[in-house]
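*Asks:* Sequence:
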Amino acid sequence: EVLERVLQISNFLKDADRFHGAWSHWIDGTTGKALPFSQKDNGGDLVETAFLVQGLIAAREYFDADNPLEDSLRVLVDTLWHGVNWQWYTQGQNVLYWHWSPDYNFEMNMHISGWNESLIVYILAAASPTYPITPEVYHQGWARNGNMANGRYFYDLQLPLGVDFGGPLFFAHYSFLGLDPRGLNDQYANYWEQNRIHSLINHRYAIANPGNFCHYSDSLWGLTASDDPIVGYQAHAPFGFHGNDNGTITPTAALSSFPYTPVESMKALRTFYYYLHDDLWGSYGFKDAFNLSEEWFASSYLAIDQGPIVVMIENYRSGLLWEVFMKNEEVNQGLETLGFYYD
-3 EVLERVLQIS
7 NFLKDADRFH
17 GAWSHWIDGT
27 TGKALPFSQK
37 DNGGDLVETA
47 FLVQGLIAAR
57 EYFDADNPLE
67 DSLRVLVDTL
77 WHGVNWQWYT
87 QGQNVLYWHW
97 SPDYNFEMNM
107 HISGWNESLI
117 VYILAAASPT
127 YPITPEVYHQ
137 GWARNGNMAN
147 GRYFYDLQLP
157 LGVDFGGPLF
167 FAHYSFLGLD
177 PRGLNDQYAN
187 YWEQNRIHSL
197 INHRYAIANP
207 GNFCHYSDSL
217 WGLTASDDPI
227 VGYQAHAPFG
237 FHGNDNGTIT
247 PTAALSSFPY
257 TPVESMKALR
267 TFYYYLHDDL
277 WGSYGFKDAF
287 NLSEEWFASS
297 YLAIDQGPIV
307 VMIENYRSGL
317 LWEVFMKNEE
327 VNQGLETLGF
337 YYD
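Using the numbering used here, you'd call the opening residue of the sequence shown number -3 and step up by one each time.
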């Protein structure tokens, strides 16, 4: 049943709109047509495409039996992800661009530069056997020649990369659903430590509670992007990454950090489930977010938040998704090309 579903999804993606190989941020689930995410974002979205490819590769490696259905899936996944023209999205420069539109070209002009959730984009782009980027694109475009480093201390924890206090926690999740951060290094960071420290800072911020929210605590924590009671949707982070801490806690933040902060994440899980169950738990698990200061619980379940919970808890439990994704020879070649290594 699972294999049939994955084949159905992959065949749908084969016929869906693509833009130099990249899919759009939103896709009509019936027609496969691109749905605009914003006025000028109506074409290819390279970051969302990379997240999708990460999942496709994991499925490809999981279904490794020698039979016609699994053989056909592996061929189809290779065809899909080898069709992404990563080189097109450089515009001939040493950086990848997030968007391209058939109507607005590269007018959105958004570099994919670190540190944020997008490391996997550069790794897959380097791994591509059809449209690979050079290491210079990674070092200059993503790492900004080392300028994505932080190195300052927050709550007695030294943060290797990124904005002060780490930013929203999805930075520690999306690129690492398949990519195994355990012992992963390059010249800029140890990525397990980056994600562990980021998660712990987020937790300690809730304990410190500088905004004096009535509910932040050792067991009620987790700031990331989610639905929001005031503006609808935004990226929440310590001290307001762009001013966006308004007391909204998102279960996916603490729960998707289970591999990095198992004790702190388990406390949050127990509190979400046992103390907030009636308002927070529903048909698809935890609802997207809550804000007790606003007496608000989301009614929604967002796939981009629910998915990482399941994947990262399983990675904590068994390492399954990390292990299957890392079986891919092209991914390992891409890591080697960019100077990554495992200790």
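FYI, nobody ran anything at the bench for these hints, they're computed from the structure. Model, not experiment: these values are computed from the prediction. Beta carbons: idealized from backbone N, C-alpha and C, even for Gly. Some clues are possibly wrong.
[Said to hold, decoys possible] Below, simulated BS3-like cross-link-like pairs (lysine-lysine); rule was C-alpha separation at most 27 angstroms, straight line: (1) 10 x 29; (2) 10 x 263; (3) 36 x 10.
[Said to hold, decoys possible] What follows is a set of in silico ranges between Cβ atoms, one per label pair, in the way DEER data are often shown: (4) 280 x 211: 30 to 36 angstroms; (5) 142 x 106: 33 to 39 angstroms; (6) 99 x 227: 24 to 30 angstroms; (7) 99 x -3: 14 to 20 angstroms; (8) 132 x -1: 38 to 44 angstroms; (9) 227 x 179: 35 to 41 angstroms.
*Asks:* Indicate, hint by hint, whether the structure satisfies it.
*Replies:* Consistency of the hints with the structure:
no.: 1; hint: 10 x 29; result: 12 angstroms, holds
no.: 2; hint: 10 x 263; result: 42 angstroms, violated
no.: 3; hint: 36 x 10; result: 24 angstroms, holds
no.: 4; hint: 280 x 211: 30 to 36 angstroms; result: 23 angstroms, violated
no.: 5; hint: 142 x 106: 33 to 39 angstroms; result: 21 angstroms, violated
no.: 6; hint: 99 x 227: 24 to 30 angstroms; result: 28 angstroms, holds
no.: 7; hint: 99 x -3: 14 to 20 angstroms; result: 40 angstroms, violated
no.: 8; hint: 132 x -1: 38 to 44 angstroms; result: 40 angstroms, holds
no.: 9; hint: 227 x 179: 35 to 41 angstroms; result: 39 angstroms, holds
In the structure shown, a violation is registered for the earlier hints numbered 2, 4, 5 and 7, in ascending order.
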